[in-house]
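Asks: Those protein sequence lines, which keep their order, are chains A and B.
For what it's worth, our numbering labels the leading residue of the first sequence as 1, then goes sequentially.
For what it's worth, our numbering labels the leading residue of the second sequence as 175, then goes sequentially.
Simulated from the structure, these hints should not be mistaken for laboratory data.
Treat the hints loosely; a few may be bogus.
[What the hints assert, rightly or not] 25 Å max Cα-Cα, derived DMTMM-like pairs, lysine to aspartate or glutamate:
| hint | chain 1 | residue 1 | chain 2 | residue 2 |
| --- | --- | --- | --- | --- |
| 1 | A | K114 | A | D124 |
| 2 | A | K128 | B | D349 |
| 3 | B | K318 | B | D298 |
| 4 | B | K344 | A | D143 |
| 5 | A | K172 | A | E119 |
| 6 | B | K316 | B | E289 |
| 7 | A | K23 | A | D143 |
| 8 | B | K282 | A | E145 |
| 9 | B | K318 | A | E115 |
| 10 | B | K316 | A | D118 |
| 11 | B | K344 | A | E92 |
| 12 | B | K318 | A | D118 |
| 13 | A | K172 | B | D349 |
| 14 | B | K282 | A | D143 |
| 15 | B | K282 | A | E138 |
| 16 | B | K332 | A | E145 |
All of these numbers come straight from a predicted model, not from anything done at the bench.
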Amino acid sequence: MKILLCGSATFCLAFLIHLIVWKIQMPRRQTRVLKQIFVYNLLVCLFIIWCLFKFTIKPGIFEPLNFFEYIHISLFYLSLTLVYIVTYSGMEVDSPSLVMTMKIAAAGTEGLSKEEFDESLPDDILVKPRVRDLVRDEMATLDGEKHRITTKGVILARLFIFYRRLLGITLKGG
Amino acid sequence: MFFCLLQILIPIVCFTANVLFQVVSYRVMPKIGLLKTEFSGFVFGIFGLIIMETITFLIFPISKISFFSVLISNLIIYLSLSYCYFHFVNLAVTARRIRLLRDLHDSKDGMTMDEILLQYNSRDMVENRIERLVNSGQVIYKNKRYYIGRSAMLWSAKIILIMKQLILGKKSEFD
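Build the full structure now, drawing on both the sequences and the hints.
Replies: In structure tokens, the structure reads:
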């Protein structure tokens with residue numbers, strides 16, 4: 001029960017801090033700040049839990065946590081954090097598939113033609129902002145008119161190239 | 175102490191089994207599609223987790239409450255990691271930024287915006303996506319027009335929209 005309670009409470013606290021920070025001032029690099037909030041919150045909370053068991057809670061009421069239980073709490077917490085960050089990155093930018101689904105739904109029984117899609121979803125909405133994101137996140141640099149991949153971008157690109165080869169995916173995708 | 179170490183390892187081992195099962199099954203039977211192999215890997219891992227947890231309950235002297243709380247914790251860890259893996263696979267196949275990164279990686283001297291758009295533009299993107307939506311039954315194509323089919327994607331879109339409004343305070347990144 002200790003893993004579930006401590007892990008959930010620590011996660012809820014981080015989520016609350018994130019909401020407060022976002023209400024005060026939305027960061028420019030949102031995912032980076034989100035990661036920082038969740039990681040620092042874990043470290044602080046683990047220290048508080050350790051202090052509580054060490055100095056406050058009387059022995060016999062609760063068994064103190066051992067080293068592996070702290071690791072288990074961290075694993076529980078980091079799993080939830082990953083879920084949230086993955087979901088958040090889907091919220092941060094508009095997913096074309098979700099936008100398209102909403103557009104078709106809005107068209108109702110009339111339906112929507114492909115031409116109408118192309119008109120409503122131009123490069124300025126679908127491609128150019130994502131290229132700018134790569135530059136903002138330091139995965140590419142803009143050298144004059146040329147976009148060049150950085151070391152950080154190469155590492156990420158190679159990870160996905162490796163995974164696609166592992167699965168044998170040949171379609172360009174996207 | 176050994177019990178605690180085991181409880182950390184169980185969800186990690188089952189998640190690894192999930193990924194391996196998915197990769198191998200897709201390599202062996204690519205025709206069944208990514209989504210089905212992801213689901214089969216997930217089921218394989220979750221069965222492994224329940225069996226392993228039951229065995230540890232039978233071996234170690236722990237109460238039923240402790241057993242269930244550890245089981246729920248490890249199920250949450252396993253579900254969370256599986257959810258992230260599901261998204262990782264989607265990123266490898268559909269993500270725009272990853273596709274752009276791969277294109278930039280393959281170019282020897284970088285690319286201008288025009289060169290990028292020549293290889294990958296909104297027309298290709300809409301085509302790829304509408305094809306996937308039609309193939310999965312989320313969208314129906316009839317008389318050269320598109321209509322909503324199954325409602326799963328629409329519900330996902332609505333949930334994401336609500337979350338956007340609650341957390342980001344806007345409906346779209348362009349608001």
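Asks: Are the hints correct? Go through all of them and say.
Replies: Verification of the supplied hints:
1. A:K114 <-> A:D124: holds, 18 Å
2. A:K128 <-> B:D349: holds, 16 Å
3. B:K318 <-> B:D298: holds, 18 Å
4. B:K344 <-> A:D143: violated, 33 Å
5. A:K172 <-> A:E119: OK: A:K172 and A:E119 at ~24 Å, within 25 Å.
6. B:K316 <-> B:E289: violated, 35 Å
7. A:K23 <-> A:D143: violated, 35 Å
8. B:K282 <-> A:E145: Holds: B:K282 and A:E145 sit about 15 Å apart, inside 25 Å.
9. B:K318 <-> A:E115: It holds: about 10 Å lies between the C-alpha atoms, which stays within 25 Å.
10. B:K316 <-> A:D118: Given that 25 Å is the threshold and the Cα spacing comes to 18 Å, the pair holds.
11. B:K344 <-> A:E92: Between B:K344 and A:E92 the Cα gap is close to 10 Å, so the pair holds against 25 Å.
12. B:K318 <-> A:D118: holds, 14 Å
13. A:K172 <-> B:D349: violated, 31 Å
14. B:K282 <-> A:D143: holds, 14 Å
15. B:K282 <-> A:E138: Distance of about 19 Å is within 25 Å: holds.
16. B:K332 <-> A:E145: With a Cα-Cα distance of about 38 Å, the restraint between B:K332 and A:E145 is violated, given a limit of 25 Å.
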